[in-house]
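*Asks:* The residues making up each chain are set out below.
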Amino acid sequence: MFNTLTVKEAIKKLKAKEISHQELYTDLAKHIASTNEKLNIYLSVDKQVEQKAEKLLDAPLAGIPIAVKDNFLTRELPTTAASNVLIGFMSPYESTVTKKIVAAGAAIIGKTNMDAWAHGSSTETSDFGPTKNPRNPEHLPGGSSGGSAAAVAADVCIGAIGSETAGSVRQPSSWCGVVGLKPTYGRVSRYGVVAMASSTDSPGPIGKTVEDTAILFESMAGRDEKDATTPNKEVPQLSKEIANGVKGIHIGICYTDHPEIGKQQVSQQILEAGKLFEKHGAHVSLVPISEKVEKGKIFTPDFAIGVYTVVQRGEVSSNLARYDGIRYGNDRSFFGAEARRRMMLGTFTLSKGYSEQYYNNAQKVRNLYLQNFQELFEAYDLLISPTTPSYAEKLGASFGSPMYGELEDMLLEPTSISGLPGISVPCFRDEKTNLFLGMNIVASWWQEEKMIQAAHLYEMETPWNTWRNKI
Amino acid sequence: MQSSTKITSDIVSHIAALANIPVTEKESQTLADGFTKVLEVVDTLSTINVSGVDPVGQVTGLENVTREDEIHEERMFTQEEALRNAPRTHNGYFVVDQILDK
Amino acid sequence: MEYMEKQDMNQYETIVGMEIHVELATSSKMFCSCKNDPFGAPKPNMYTCPVCLGLPGALPVPNKKAIEWTIKLGLALGCEIQLYSKFDRKHYFYPDLAKGYQISQYDLPFCRNGLITTELGDVRIHRVHLEEDTGKLQHAMVDGKKVTLVDFNRSSVPLVEIVTEPDIHSGEQAKLFLKKLHQIVRYLGVSSADMEKGSMRLEPNISVRKIGERELPKYKVEVKNINSFNFVKRAIDFETKRHIELLEAGQMPKQETRGYVEGTSSTVSQRSKEEAADYRYFPDPDIPPIRLTEAYVTEIKKTLPELPDSKIERFMKEYGLSSDEAVHITDEKTGADYFESCVSLAQGSFETQNITPTIIARNLINVHEEEMSPKKRIDALLAKAQEKNVDAGVITVAVTLVLGQQTKAIADYKHGKLSALMFLVGMVKKELKGKGDAGIIEQELKKRLS
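Residue numbers (my numbering), protein chains in the order written: chain Z, 8 to 478; chain C, 6 to 107; chain F, 426 to 875.
Just chain Z, same shape as in the assembly (with noise of 0.2 Å):
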């Protein structure tokens, strides 16, 4: 079965020749056939992927098949960013990603599945109907990359491309024990992707392997003139550079020391982590939990709830205000529960009287997350820490609680918020559930290959990589 290869794998084979884009993207078709119904991954498919594909042998990434998350605007796909209020729409310009990737050579397959808008960390938002986990279809695949994260691991694709404000990547890899990648901000354009909170949306890739998404990395990030908030850095070749290891590098462990996650399973692999890291050469401390910003300790990642919903709320219902009807999409009434609680709370934050109390002093706080990760990125080259709490929830756990998704990502949002880059991999196994747990490696902004060194090693030296142990 050809659908099961890595990126890295599947270029190699096409550019040989010893496999054809006809046997990949047939055991592809096949795959994508018996699943979709289940697993509800797929909200559009390119049946003419194949034919493009062919013509793209030469280009570095060969004509291997992408799935792209539903709110990268595509000329010939939809783009409906899994809302009603954008059924039928056909953009008539490209994202500069789905541009990049297509000129490195990707072809894309698919559009996936996501929370509405991007809101949510399970999928369960989405217009569409609930993405389920391909390691265990009781449960959430998470989100809102739900539906990219899980085409990886179901093998529907090669590789994908989702994007995450607060977590939207990695948490969703973490639940479906995939690799994803969160660059700094700034580092891959924001052009063409359907705007969250803009501050903080930053698009990335989910792979089987660590190096599968450090080369989609390559062929995505980079200063785009479209997006003022891109700056001209040179895109480091993390692929190259992948098997430098750790030795001498500081890291520290963070959030094992907090009341409620230090009692879960997921912490206890972090600790173990840390001491395979220091296995390699590296050093490796715990950064104590603080309730104010104080040298050599991480602030606690509780108030970062508040500062993301403030925040995010407060862009969502600025950014989505062009949707009216009149140019393109279904009017106002079309929006779903959760982006209209999104928007009037935003709306809310940001409204006179209240938006010194709300906007401004969240504004704030995230200054205050950003001098703290300043002084600990003099101190750590790495920070490491659980992507999520805990296992991947079951079908319907999103529903009741106004807050569920920033519960799932409070501690992927303080790194966030400060623009950090982080990448999830796999850390642990259930075996009764299939369900993984996923370790989130953070490193200082624009440092994304001390990142993606000690991602790989530590997926090298652990089994919890599925692929991987495959290989």
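Keep in mind that the hints are not guaranteed to be accurate.
Non-contacting residues of chain F with respect to chain C, defined by C-beta distances greater than 10 Å in every case (computed) [what the hints assert, rightly or not]:
(1) D592
(2) Y612
(3) V686
(4) K758
In silico contact screen, one side only, chain Z against chain F (beta carbon under 10 Å); selected entries [to be verified]:
(5) F79
(6) A88
(7) P295
With a straight-line Cα cutoff of 30 Å, these simulated DSSO-like cross-link-like pairs (lysine-lysine) come out [as the list claims (entries may be wrong)]:
(8) F:K515 / C:K42
(9) F:K515 / Z:K371
(10) Z:K359 / F:K679
(11) F:K511 / F:K649
Rather than coming from a laboratory, the hints here were simulated on the basis of the structure.
Where is the CB? At the ideal position from N, CA and C, for every residue including glycine.
Based on these hints, arrange chains C and F on the given structure of chain Z.
*Replies:* Just chains C and F now, kept in the frame of chain Z:
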């Protein structure tokens, strides 16, 4: 900790109007309760001392990112492309029900 | 109201603050690289892209030149330039506003605290900021239904907003102020400032208060849809009268937006502002802040052309023009430049020929032939001067001759009838067959009759 803001259904109606979202009276009470709960969590931020801390809206540290005053025809839509996704058009215009002057 | 005593009117003063919007004439739009030519577009929705059409995922990138021109305008208005500035989102829903928010500047405008002087008093400029224009709406009947048509060619065209302090106290002063502002904008060449085409838009905020009161009135009326300075004057005059009548009748005028009606020189209520708008401003996360340097501002300052006030002063001093002439000649920068080209061409003839900068200025004022090159105009003037150039002796002879004949006119002149002198000049010119300079003849006559 100071007491949180209580959202009433009147406030919900007001913000729904500002946000241009249709909300029924029945919904507004449920929404009000939900918002009050969320604000309880948010209000924990008021316990943090932020005196002398500047608000940050962007994290890249970038400044002065501008473009030259140049026309890029290749980025412009044809009239057909501009109108393609619109539910109602007439003679090259988008159409809405008549509205009063601002 | 006829019965109202004149002195009642005099107990009040008009308080007007102006908001003026000026579309910048950059090549491309404010936040995208679409063509900026909404008026010249052959069809609606021809100059659009994802950004100005507010498509999902589109992002704004500010136009460098538009920022530069805003600073330039601010400097010309005597403003302080804010070295640190940013763009903010201003939210409201309207079909011509593609994104549901307008990118504008809230608490950190590029320019603050300027001044324009008028003969009727100084008008302080509160702030000058840069934003984007909206699309354009047009009402129509389609299939028997009343609809509104939307065109986004104008969406995201760079727009400068100039806000004054409430320093204007009459319609006439508003007119003087606006004329001067318009002139400065045109001098800088940053906008056509064409009010018919809407590239300069005028919104007075009007209220009145009893003379002697210090506080600003608790209400103000904004008047829209005004496309000339005269109409601004009339709208202010009309509103002043209306407010005084209401106040005299014991009523507070309503805070509202009114529209100007050209036919009747009056205004009608458009929209009551029952509750103040809540625009939910916040810094646009898509646009990094703007930090300018002193050096950059100095560079822009160097590019400022000589502005009307100093030009008038210089033309009076350097060329001996009267104040009226100087004002007239400097009305448009092109006119002033044209005048100076003429002057420099004629420079060599000032001593020998009967031509002066004043003669050139008067000729420009009286003979509107914009197409004529300065060279051609000066050649024509010199030919005419040549013609007038009659030997002094010949004039003396002709004057003697005429004075010998016109005894009645001489008597009239001596009795103070000035027209008699003009008659005598005419007779001398007739004697000279139309040649001779009227001024010289006049001087000669005066000398002989004194």
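*Asks:* Now tell me, hint by hint, if it's right for this structure.
*Replies:* Consistency of the hints with the structure:
{"no.": "1", "hint": "D592", "result": "holds (26 Å)"}
{"no.": "2", "hint": "Y612", "result": "holds (20 Å)"}
{"no.": "3", "hint": "V686", "result": "holds (13 Å)"}
{"no.": "4", "hint": "K758", "result": "holds (21 Å)"}
{"no.": "5", "hint": "F79", "result": "holds (8 Å)"}
{"no.": "6", "hint": "A88", "result": "holds (7 Å)"}
{"no.": "7", "hint": "P295", "result": "violated (32 Å)"}
{"no.": "8", "hint": "F:K515 / C:K42", "result": "holds (28 Å)"}
{"no.": "9", "hint": "F:K515 / Z:K371", "result": "holds (21 Å)"}
{"no.": "10", "hint": "Z:K359 / F:K679", "result": "holds (23 Å)"}
{"no.": "11", "hint": "F:K511 / F:K649", "result": "holds (28 Å)"}
In this structure, only the earlier hint numbered 7 is contradicted, and the remaining ones agree with it.
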